[in-house]
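**Student:** Position chain Z against the provided structure of chain R, taking the given hints into account.
There are 2 protein chains.
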Amino acid sequence: MPEINPQRLMNDLRHLRTIGQYGTGVIRPAFSTKDMEARQWLLDRMSAAGLKTFMDGVGNVFGRSPNPGRGILIGSHTDTQPQGGWLDGSLGVLYGLEIIRALAEDRRTVHFAVDMASWSDEEGTYMSMLGSRSFCDMLTRDDMERAQNHLTAQPLSAALEQAGLTGMPTTTMDPERYVAYLEAHVEQGPHLEAQGNHLGVVTAIVGIRTFRLTFKGQQNHAGTTPMEYRKDAGIALIELVHDINREFTTLAGPRTVWTIGYVHLEPGSPSVVPGRAEMLLQFRDTDDKILDALESKTIRIVEEAHKKGPVDIDLAAVPPQCETAGMDETVQVCLAAAAETHAPGRWIRMPSGAGHDAQILAQRLPAGMLFVPSIGGISHDIAEDTAEEDIVRGCRALATATETLLRHPNPV
Amino acid sequence: MPEINPQRLMNDLRHLRTIGQYGTGVIRPAFSTKDMEARQWLLDRMSAAGLKTFMDGVGNVFGRSPNPGRGILIGSHTDTQPQGGWLDGSLGVLYGLEIIRALAEDRRTVHFAVDMASWSDEEGTYMSMLGSRSFCDMLTRDDMERAQNHLTAQPLSAALEQAGLTGMPTTTMDPERYVAYLEAHVEQGPHLEAQGNHLGVVTAIVGIRTFRLTFKGQQNHAGTTPMEYRKDAGIALIELVHDINREFTTLAGPRTVWTIGYVHLEPGSPSVVPGRAEMLLQFRDTDDKILDALESKTIRIVEEAHKKGPVDIDLAAVPPQCETAGMDETVQVCLAAAAETHAPGRWIRMPSGAGHDAQILAQRLPAGMLFVPSIGGISHDIAEDTAEEDIVRGCRALATATETLLRHPNPV
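Those protein sequences? They're chains R and Z, same order as listed. Its first residue numbered 1482, the first sequence is counted upward by one per residue in this note's numbering. Its first residue numbered 1482, the second sequence is counted upward by one per residue in this note's numbering.
Isolated chain R, as found in the complex (with noise of 0.2 Å):
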């Protein structure tokens, strides 16, 4: 078994921290200076570690091992939420470059080909998993030119421009090349602390739709414009919402969530009527008839609402949605495996609430994802952490993952 070395994981994932460093957490959201120069130290770290590198045009960084033959794809991301937390991404990363290094030390598992690819905006500050995307083929020319940061809305082409990304080429995978593709991450919930567990072996993970509401009425001086004159934009926004929370509980599963995580009202000023609102709606499951049924009833909501008046409503999808990826079944096996020595009776199998890069490369190879617990379930947020010995026992098992599906490609 290839020995990975603690030590060295964790001053990694502590210099990475330094980098946009927040309080206990970290401030990289995609293509900002602190984000570019989080890849820049990576590219370093990775050639230091006899990888070939280079970033790509839309900002992935990527390690090839000079090994041949097929291989590991080891991934995640570095790009964080405008106030994120340090591991959220970063261990993933950073557990590639360990088990490379790892594999690399012993003569037994040196010629072993592990690439490794840090994904460019993975947190959507312009697309959710444009990196990954872009790497599995599946972005139009047209998703590329409509994406925008979704708080400034600066096009995606002026962030790559200032990046100084524009012209550089992308790049696209070679399934030839790979048997499977593995990412770890923290769990970002609550479930494996509160059972006492240590290692999620990921079985799907859940689809995501998002929509932007609209909601257009009359800007007035709020001291003059009495109550039933008014088309107050703010105020159907709430009620809409009101309704959405009520209808929502009765159709949800055990597992649905919804979030309401932006609402804007112009202009903003105490003294005036919104004009104007905007929302995001986005809600997850890994249950595509739940989430259907939600849709539905977000539509039926919507219509209702402005049919009623006096406030029109304009609901869009945000493209690209997610859908629902289960994980490769042999990949699992695999990391059960693993799981069980590292963790013997204290792992679980469970769905993943969040959606992550490897639910874009399932769709082209058999993936597979492993989980370490959130302190407090905390995640999004500059409190976020993993006890040490978590992270470390994480990167042994997806250590010994990877080394069971290069040495028996076919274990099942």
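No lab work stands behind these hints, which were simulated from the structure alone. Heads up, none of these hints are tricks.
Cut-off 35 Å, straight-line C-alpha distance, at most; resulting in silico cross-link-like pairs (DSBU-like, lysine-lysine):
{"no.": "1", "chain 1": "R", "residue 1": "Lys-1789", "chain 2": "R", "residue 2": "Lys-1712"}
{"no.": "2", "chain 1": "Z", "residue 1": "Lys-1712", "chain 2": "R", "residue 2": "Lys-1788"}
{"no.": "3", "chain 1": "Z", "residue 1": "Lys-1515", "chain 2": "R", "residue 2": "Lys-1697"}
{"no.": "4", "chain 1": "Z", "residue 1": "Lys-1789", "chain 2": "R", "residue 2": "Lys-1697"}
{"no.": "5", "chain 1": "R", "residue 1": "Lys-1788", "chain 2": "R", "residue 2": "Lys-1697"}
{"no.": "6", "chain 1": "Z", "residue 1": "Lys-1697", "chain 2": "R", "residue 2": "Lys-1778"}
Cβ pair distances, simulated, as ranges:
{"no.": "7", "chain 1": "Z", "residue 1": "Asp-1769", "chain 2": "R", "residue 2": "Asp-1793", "range": "35 to 41 Å"}
{"no.": "8", "chain 1": "R", "residue 1": "His-1787", "chain 2": "Z", "residue 2": "Pro-1707", "range": "29 to 35 Å"}
{"no.": "9", "chain 1": "R", "residue 1": "Arg-1622", "chain 2": "Z", "residue 2": "Gln-1635", "range": "40 to 46 Å"}
{"no.": "10", "chain 1": "R", "residue 1": "Asp-1769", "chain 2": "Z", "residue 2": "Glu-1709", "range": "20 to 26 Å"}
{"no.": "11", "chain 1": "R", "residue 1": "Thr-1731", "chain 2": "Z", "residue 2": "Lys-1789", "range": "18 to 24 Å"}
{"no.": "12", "chain 1": "R", "residue 1": "Gly-1790", "chain 2": "Z", "residue 2": "Glu-1484", "range": "46 to 52 Å"}
{"no.": "13", "chain 1": "Z", "residue 1": "Gly-1645", "chain 2": "R", "residue 2": "Ala-1639", "range": "33 to 39 Å"}
{"no.": "14", "chain 1": "Z", "residue 1": "Thr-1695", "chain 2": "R", "residue 2": "Arg-1727", "range": "23 to 29 Å"}
{"no.": "15", "chain 1": "Z", "residue 1": "Met-1619", "chain 2": "R", "residue 2": "Met-1491", "range": "56 to 62 Å"}
Quick reminder that beta carbons are idealized off the backbone N, C-alpha and C, glycines included.
**Tutor:** Only chain Z this time, still in chain R's reference frame:
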């Protein structure tokens, strides 16, 4: 009767609109570059009209007649909402300028003392009616230090410094100088137009109470945090506003209004459960008992929601609150007589749903206000407008009332 010059008035109004013009409206929030440019232009126009002019340390633009004796002060404001109408404030300021010119051109009135002011930040970018409060000596050092931009949180002191006002003296009123304060304004509501009236004599100005509600939950991942684990600050805000709307409806009088003009969720990402949310709630009435009832209800709703959890909610009054202000009876009689002269049978007495500098001045001087119709009742929007004949009629009526008050300081 002094003869105002309609063309000169309209030219001034149209020129002022070009400073910060945005579509048919203007963007001149307090202490912005465009606001200061407009003040500078106004100083020049006032000097040309023979006034002694200066700008004081809080941005008030003041023009003093060289004539001795007790006079009239005419004022309003030239700062705007984030996207404001072209006449909101500007109308009253340029009425003052035109009336001063008209009186000076008539040998029967050339000796009258009429001063004018453009008060700073009436719209409350930093503090509503900052300039008139300062002029009436109602501000403590603490008020000044606490004041900040309600959108950007920039302190008032920084805005004053940027505008080059740091260290300049502030002016306060000499009450012996004035018989009365007069302010004309667009109605900003639908009542005059809907009833076919051309002028409104204001009886009282609404009290305004504004509250900031802050919601503290737990920021978390929108995919992995089960609904029952969430402390969603955004949902807590939305459900609380829903409750306020329902309860306020039962407590409201015929002219009560309440507004949620500002809502902010943090961090504002579609994939993150909001950990913090903030909103501004404002309500207005001329009846203090209704204001008290709405305030008590708000406190109760917040307390109950806070106790129920899981989100902490904090309620804070946004100082300074605006007290209900009655207009002076004698001044009302003069304005009513002038209204009957210029719009026989086509004027009404009415309360003001909007706050105005006159409500501050009313605490120190006999004060009165005159309204002209707003087309479609639209205000605090770039679409705000008033028919040219109504603009001119309003100026004539205010000139008549000014002359009456100066000729017969005690007309009743």
